[in-house]
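Q: Sequence:
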Amino acid sequence: MKCKNLLVLSLLISFNVAALEKPAEIKIDNIFMSSLNTATFRVVSQSANWHCDGGPRNPAWSYIHEDDPGAKTMMSGLLTAFAAGHTVQLYTIGVNSPEGKICKIVEFRIDK
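Numbered by mature numbering (1 follows the signal peptide of the UniProt record, and there is no 0), the letters in the sequence shown go through residues -19 to -1, 1 to 93 in order.
Keep in mind the hints are simulated off the structure, nothing from the lab.
We put the CB at the ideal spot given by N, CA and C, even for glycine.
A portion of the hints provided could be inaccurate.
[What the hints assert, rightly or not] Ranges between beta-carbon positions, derived for each pair:
hint, residue 1, residue 2, range
1, E80, N30, 29 to 39 Å
2, F13, I74, 15 to 25 Å
3, R38, A(-1), 27 to 37 Å
4, K93, S16, 27 to 37 Å
5, L17, K93, 29 to 39 Å
6, D48, I12, 17 to 27 Å
7, T19, E88, 13 to 23 Å
8, N18, K93, 26 to 36 Å
9, T54, I74, 10 to 20 Å
10, K82, E6, 13 to 23 Å
11, E6, S57, 11 to 21 Å
[Said to hold, decoys possible] Derived pair list, reagent style DMTMM-like, types lysine to aspartate or glutamate, alpha-carbon separation capped at 25 Å:
hint, residue 1, residue 2
12, K93, E6
13, K3, E47
14, K82, E6
15, K82, E2
16, K8, D34
Kindly produce the complete structure, drawing on both the sequences and the hints.
A: See the structure below:
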């Protein structure tokens, strides 16, 4: 029984780790904010590439929901990167929605 539980736990952990995606570094083209849906704060790039596999493209975008832990800190960091014109490396997960897959930002790195 212990082995079976360990196997199930290992599969769950590996599934969660595999879900984290790292698209190409981007320059933020614009930021969209809305209180009408779950994608409260959107980072948009004019990249032809997605921010998560199967996510929106042309333009590509990903989001932070204002109720997520650390959301205000992440939003202010991305606003600063946008204002300074810095490159951003996003780490995202794909989330299914009624409109299709959308990309949720879970962490990021800002480069000079």
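Q: Against each hint, give a clear statement of whether it holds in the structure.
A: Each hint, compared with the structure:
1. E80 x N30: 29 to 39 Å: Given a distance of about 19 Å, which is not inside 29 to 39 Å, the answer is violated.
2. F13 x I74: 15 to 25 Å: 19 Å, holds
3. R38 x A(-1): 27 to 37 Å: 19 Å, violated
4. K93 x S16: 27 to 37 Å: Once the Cβ atoms are compared, 33 Å apart, the range 27 to 37 Å for S16 and K93 holds.
5. L17 x K93: 29 to 39 Å: For L17 and K93 the Cβ distance comes to about 35 Å; the hint holds.
6. D48 x I12: 17 to 27 Å: Because 18 Å falls inside the window, the suggested range holds.
7. T19 x E88: 13 to 23 Å: 19 Å, holds
8. N18 x K93: 26 to 36 Å: 33 Å, holds
9. T54 x I74: 10 to 20 Å: Holds, since T54 and I74 (Cβ atoms, about 18 Å apart) stay within the stated range.
10. K82 x E6: 13 to 23 Å: 21 Å, holds
11. E6 x S57: 11 to 21 Å: Between E6 and S57, where Cβ atoms are some 20 Å apart, the hint holds.
12. K93 x E6: Since the Cα atoms of K93 and E6 sit roughly 12 Å apart, the hinted pair holds (cutoff 25 Å).
13. K3 x E47: 22 Å, holds
14. K82 x E6: Between K82 and E6 the Cα gap is close to 20 Å, so the pair holds against 25 Å.
15. K82 x E2: 13 Å, holds
16. K8 x D34: 19 Å, holds
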